[in-house]
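Colleague: So the chains spell out like this:
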Amino acid sequence: MAIIELRDIDKIYKMGNIEVRALNRVSLDISEHDFLCIMGASGSGKSTLMNIIGCLDRPSAGSYHLGGKDVSGLADEQLAAVRNKQIGFVFQTFNLLPRISARKNVELPLIYSGYSAKERRRMADIALDRVELSDRAGHKPNELSGGQRQRVAIARALVNSPSIIFADEPTGNLDSRTGLNIMALFQKLHEEGATIVMVTHEMDIALHGKRIIHLRDGQIHGDEAVKKPANAAAAIRNLADLNKQDLEEAMSLHSNVHKSQESVE
Amino acid sequence: MKITEGLRESISVMGGNKIRAVLTILGINFGVGCLIAISVIGLAFRDSVGSEVGRYGSTLLWVQVDGNSYLKGESRILMDGRDIKFFKQALPGLQSSGTLFSETYTAAYMGESKEAQVLGVGPGHFEMFDSKIEKGRTFIEQDISLRKRVCVIRPDIAARLFKDEDPLGKVIRLSERNYTVIGVTERANNMLLSDGSDNNTIFIPDSLVGAKIWGGNFVKYWIYLFKFDSIENVEIAEERINSYLEKKYGLLRDLPRFRVQRLDSFVGMIDRILNIITTLVTVIAAISIVVGGLGIMNIMLVAVTERTREIGIRMAVGATKTDIVVQFIIEAIVLCLIGGATGVFFGAVLAAVVCSILEWKFMLSFVIVAGALGISTFIGLVFGIYPAWKASRLMPVEALRSDA
Ligand SMILES: Nc1ncnc2c1ncn2[C@@H]1O[C@H](COP(=O)(O)OP(=O)(O)O)[C@@H](O)[C@H]1O
Ligand SMILES: [Mg+2]
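Order-wise, the sequence lines are chains A and B. Count along the first sequence starting at 1, add 470, and that's the number in the numbering used here. Count along the second sequence starting at 1, add 64, and that's the number in the numbering used here.
If you're looking for bench data, these hints aren't it; they were derived computationally from the structure. Be a bit skeptical, because a hint or two may be false.
[To be verified] Away from chain A, derived, C-beta distances all over 12 Å, residues of chain B:
#1 L90
#2 E179
#3 G438
[Said to hold, decoys possible] Straight-line C-alpha distance at most 20 Å; calculated DMTMM-like pairs for lysine to aspartate or glutamate:
#4 B:K149 - B:E240
#5 A:K555 - A:D674
#6 A:K658 - A:D674
#7 B:K454 - A:D546
#8 A:K484 - B:E69
#9 B:K178 - B:D230
#10 B:K199 - B:E250
#11 B:K454 - A:D527
#12 B:K212 - B:E229
#13 B:K385 - A:D674
#14 B:K312 - B:E69
#15 A:K555 - A:D504
#16 A:K574 - B:D230
#17 A:K698 - A:D674
#18 B:K196 - B:D220
#19 B:K212 - B:E138
#20 A:K539 - A:D499
#21 B:K66 - A:E589
#22 B:K196 - B:E250
#23 B:K385 - A:D504
#24 B:K66 - A:D499
#25 B:K385 - A:D546
#26 B:K152 - B:E296
#27 B:K454 - A:E547
#28 B:K227 - B:D194
#29 B:K199 - B:E167
#30 B:K199 - B:E240
#31 A:K680 - A:E502
#32 A:K610 - A:D599
#33 B:K227 - B:E250
#34 A:K610 - B:E69
#35 A:K555 - A:E662
#36 A:K588 - B:E250
Cβ atoms here follow ideal geometry from the backbone N, Cα and C, with glycine treated the same way.
One chain only, chain B, in its complex shape (with noise of 0.2 Å):
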């Protein structure tokens, strides 16, 4: 029998009994739509942790004091001025640099205020974390040496206190203080990697942060970042660094007092557990792909009780045993089929909302699809091959003797 004569009968079964045809693909769609959308879901992550990755080159690191190390109570050390001095000239490659101070303070302007996130940073801040000014300037090295009361501010903060004015020039009141906004930034976008700023952030030079917060004059850093050119000067960059901090400051009962962390292998962290939540989900989708795939099977076998007359019909008029084979196998194959291409769909949408939602690139490529429907018509002809055998094992005339 022809391939698309079997088609053509397999879907005029599945029209008569449509609600069975819809119960038995569930299976094989639940775990192809599985499939589907955890490999369009991954790629989408691993593509935006990559382009992210692209953004900041892979070669950030950062020193932070390791507050593992401590115990309750005790108090730390942090790193000064002359540990990042030595920092700055001891590093090769080193590009930008910088520190984090985050604060919650009330923002006034006119009898307007608002809670604000204040965050310390340093001149090279903006081009670390890919921040765009949108009015004005950012920091410059004499605003921090010269602890300047300005302030960057988002987009959000801006409106909500300024409504229709030019924020640039305007004088703001933060903890008592003033500070004249000399920028205005972009929006920040929802990235993975960020310095915690949102788009209610207010920005001020570090150092007087680091002098409200710690005290006086002399600044000091609980966590540093550094920005360098190479893979290479990172990895020289965290030796030099980790063996500077423990020969100035000593041990703390065998730990190291401070932790140098990479971005590069914070990337490959992620993407660890991305791996194990993909096994995960894929183990998941096998199994109901499997468990699908024994429903198939199920539902053939009651077919072929079912129409038992009808297949010694047929071969009372002259089908052969592999027509019988052939025509059963592909109307398991068509189940499967129409459960897989339904999968394929649901899985697509699935991710298509959550890529829209992270706002991650949503990519289903060609390969994706096809190996799902790959998988699909391989299960329908696994599970579809003993039901067939069975249905054309008979004489005809035992066939037709069946009051089904």
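Just chain A, with the same shape it has in the complex (with noise of 0.2 Å):
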């Protein structure tokens, strides 16, 4: 049964009076506990997708259906309780609060489902548990690595137990070392039984799902099941057996990759 149905879904950008037509008509049915990659270059209308899938954003025309209920005529309100309780939401950019540690930033949408101060300790800690970042729980977001803040925002779209997870270039801002192990976190995610929705331009990401589709002006291009999906976790085994010499030079630039682009940041 599929979890997601969209319909004939259309999204206009106005600009004063120039029209941008990010999403033309599309369709699509996505079932329970897949793992999709939506692939497509730069400017095809892949975030417009799935900001409209994740209930952050509303369709200029269509129909949305998130677990049998019509969500494209819920009031704000009620749209803001379904990105709480059945939606998680992973972004390129981590979007971590900047002030508060992780465990805080983990606690945060359980703030607004009401609990309790421990009952939101006791779920952020399980979460972050779950991504192996239990040792860094005190940390603000700037005392981490990119990697690391990727584990807590993924801790943050689980706490609440949603039904789906999406995530939008997950791996956008990390070295491919550290964008591997995020993709290994995701598969056993699934493996663990969650429903993911992942936007890629990356066909070697896009290949750690199940089914790829393929956007091009607003448009689905193409829909395929991957036979064989790439196992991350192998993939990173496989890395560690180099020979010793290959690792350490592999780590080395590794750390200055990160470096690099801590810089930037």
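Starting from two chains that each stand alone, build the complex the way the hints lay out.
Modeller: As structure tokens, then:
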């Protein structure tokens, strides 16, 4: 049974008297326990589509059923509740609150579901444990590496046990090895039963999913099943199997990339 | 979102930008401080007037030559002993009466000398102005009628002239005449209504000063004070004195030669002046609170712009528009309340200092504090609503796109 049913979704951005048609009659079904990757060139409408199915934005036309319920007609307050309880969203730029600790960031959705402070802390610790970041719970985002930040963001997406996790280019700001780690995490969550929808423009990232759709100019231009998804955890093990010298080289490369990234931020 | 979460959140936000928070709350702080100070000082002032009026019973009345009626150099008609005699029998409920003459002389005793204010008073004077005697006695009727050369002195002049000696029975020299000290008063307290004496004053019988100033035996008075048992009798006295003096001395170019003044109307006048001052300060305080509120609104609008992305993140994880509105309103209210609370503190300190200098009773009532904090909350609410609404107006995706 399809947990997401999109029918003839249009999204038109108006800028003055110029209209940009970012989505053009998109129809799509996503079934429960799927791992769908949305691919396409920059500007093809991936983020626009993702924001609409993630209930962060409203379509200009078309209907959207989430878990059998029509959400295109929901009021803002009800839509907020859907985002709070049914959806977990992971962003390319992490979108953590800089002032507060990792744990407090993970607790954020729970504040809006009315959990007590004690309960929130317990649930946040479980979520941080699932992303293997328990030892960094008290750190603020700027005390964490990019990969660790993305793990915090994933823990925040998981913490309220949503039925679907959306991720818009979650590895886009990470180096490839860290990206691989994040993909391994998503695959683990998928094995544990999560439904995942992910946007990426990189084929080797997309190949970790079970199904790939291609977007071009706001329209779906291909929908294929991945016969044998790449196994991120195995790939990491293979990397670790490199002889020691190669490994050190890889590591120093990794930390260089990492440093330059941090200085950019 | 629960209020406690909102409070915790706003305190963490303010902690991150203390200087801005301090600058923002200054307007509210100043306004509330003014309000508190003026209300406490006003209350203390009224209390002190009230307690003095209580002491004098506000049934004090005095008659004096009205200098405004006379032209420059024109000789003035004064009251004489027969007038006083008439008043004493014609005015019902009269408790005590007396007059005041004041001059500055050099007082000397055994080589010590000091400039001193000499006040000629009647026997009822010390009771009328509530001056207590510490040693010896006050004047009795005979001292006045027999024009005895006796005096009652204040403690500072006593200490100056007599050092450790007992002043009672000693003779001091005043303007080439000798006066025997019969009493020493307690220290004069700093009262709003006084006979004009200080702690260096020497009191002598008014009959002596009168004779000295106006010459001869026939004493004349330019001011005379009466104290009555009730306000009704003050009213009767005012009327009778006026008509008596007008009948006897006539008008001067249609103006009365004497003026009758009542302490209770004097108090009413002080009250009116205080009301004007209170209104002025309140207006200033209100303006500065409103300007402070606008400052809060401005800073909240800046905060909303700066934190658009945060708003987007919160919405993306499930915050409703109401949650966002509540969060920002709480933040505005917390800012105003901190401004208000510190304003209460500074205003109370200012009022306490003023009260202690003027020896007034400092009273800070719960109602005043609660009122000030209530006003602060209200201002936070009023000026926080628009920025908060602005914060909640965007779709999450629009808020997230902000690169602030
Ligand atoms: N807020 C916006 N206002 C106007 N045009 C927009 C807005 N967001 C996206 N677009 C346009 O819509 C198209 C799709 O954008 P987007 O969904 O971000 O693409 P992708 O994520 O695939 O790079 C692009 O042409 C982009 O310029
Ligand atoms: Mg995009």
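Colleague: For each hint, tell me whether it holds in the structure or not.
Modeller: Results of checking the hints against the structure:
no.: 1; hint: L90; in the structure: holds (24 Å)
no.: 2; hint: E179; in the structure: holds (71 Å)
no.: 3; hint: G438; in the structure: holds (29 Å)
no.: 4; hint: B:K149 - B:E240; in the structure: violated (32 Å)
no.: 5; hint: A:K555 - A:D674; in the structure: violated (31 Å)
no.: 6; hint: A:K658 - A:D674; in the structure: holds (17 Å)
no.: 7; hint: B:K454 - A:D546; in the structure: holds (15 Å)
no.: 8; hint: A:K484 - B:E69; in the structure: violated (38 Å)
no.: 9; hint: B:K178 - B:D230; in the structure: holds (18 Å)
no.: 10; hint: B:K199 - B:E250; in the structure: holds (8 Å)
no.: 11; hint: B:K454 - A:D527; in the structure: holds (18 Å)
no.: 12; hint: B:K212 - B:E229; in the structure: violated (23 Å)
no.: 13; hint: B:K385 - A:D674; in the structure: violated (39 Å)
no.: 14; hint: B:K312 - B:E69; in the structure: violated (83 Å)
no.: 15; hint: A:K555 - A:D504; in the structure: holds (19 Å)
no.: 16; hint: A:K574 - B:D230; in the structure: violated (81 Å)
no.: 17; hint: A:K698 - A:D674; in the structure: holds (13 Å)
no.: 18; hint: B:K196 - B:D220; in the structure: holds (15 Å)
no.: 19; hint: B:K212 - B:E138; in the structure: violated (34 Å)
no.: 20; hint: A:K539 - A:D499; in the structure: holds (14 Å)
no.: 21; hint: B:K66 - A:E589; in the structure: holds (15 Å)
no.: 22; hint: B:K196 - B:E250; in the structure: holds (6 Å)
no.: 23; hint: B:K385 - A:D504; in the structure: violated (32 Å)
no.: 24; hint: B:K66 - A:D499; in the structure: violated (38 Å)
no.: 25; hint: B:K385 - A:D546; in the structure: holds (8 Å)
no.: 26; hint: B:K152 - B:E296; in the structure: holds (17 Å)
no.: 27; hint: B:K454 - A:E547; in the structure: holds (16 Å)
no.: 28; hint: B:K227 - B:D194; in the structure: violated (26 Å)
no.: 29; hint: B:K199 - B:E167; in the structure: violated (24 Å)
no.: 30; hint: B:K199 - B:E240; in the structure: violated (26 Å)
no.: 31; hint: A:K680 - A:E502; in the structure: holds (12 Å)
no.: 32; hint: A:K610 - A:D599; in the structure: holds (17 Å)
no.: 33; hint: B:K227 - B:E250; in the structure: holds (16 Å)
no.: 34; hint: A:K610 - B:E69; in the structure: holds (19 Å)
no.: 35; hint: A:K555 - A:E662; in the structure: holds (18 Å)
no.: 36; hint: A:K588 - B:E250; in the structure: violated (68 Å)
Checked against the numbered hints given earlier, this structure breaks hints 4, 5, 8, 12, 13, 14, 16, 19, 23, 24, 28, 29, 30 and 36; the rest are met.
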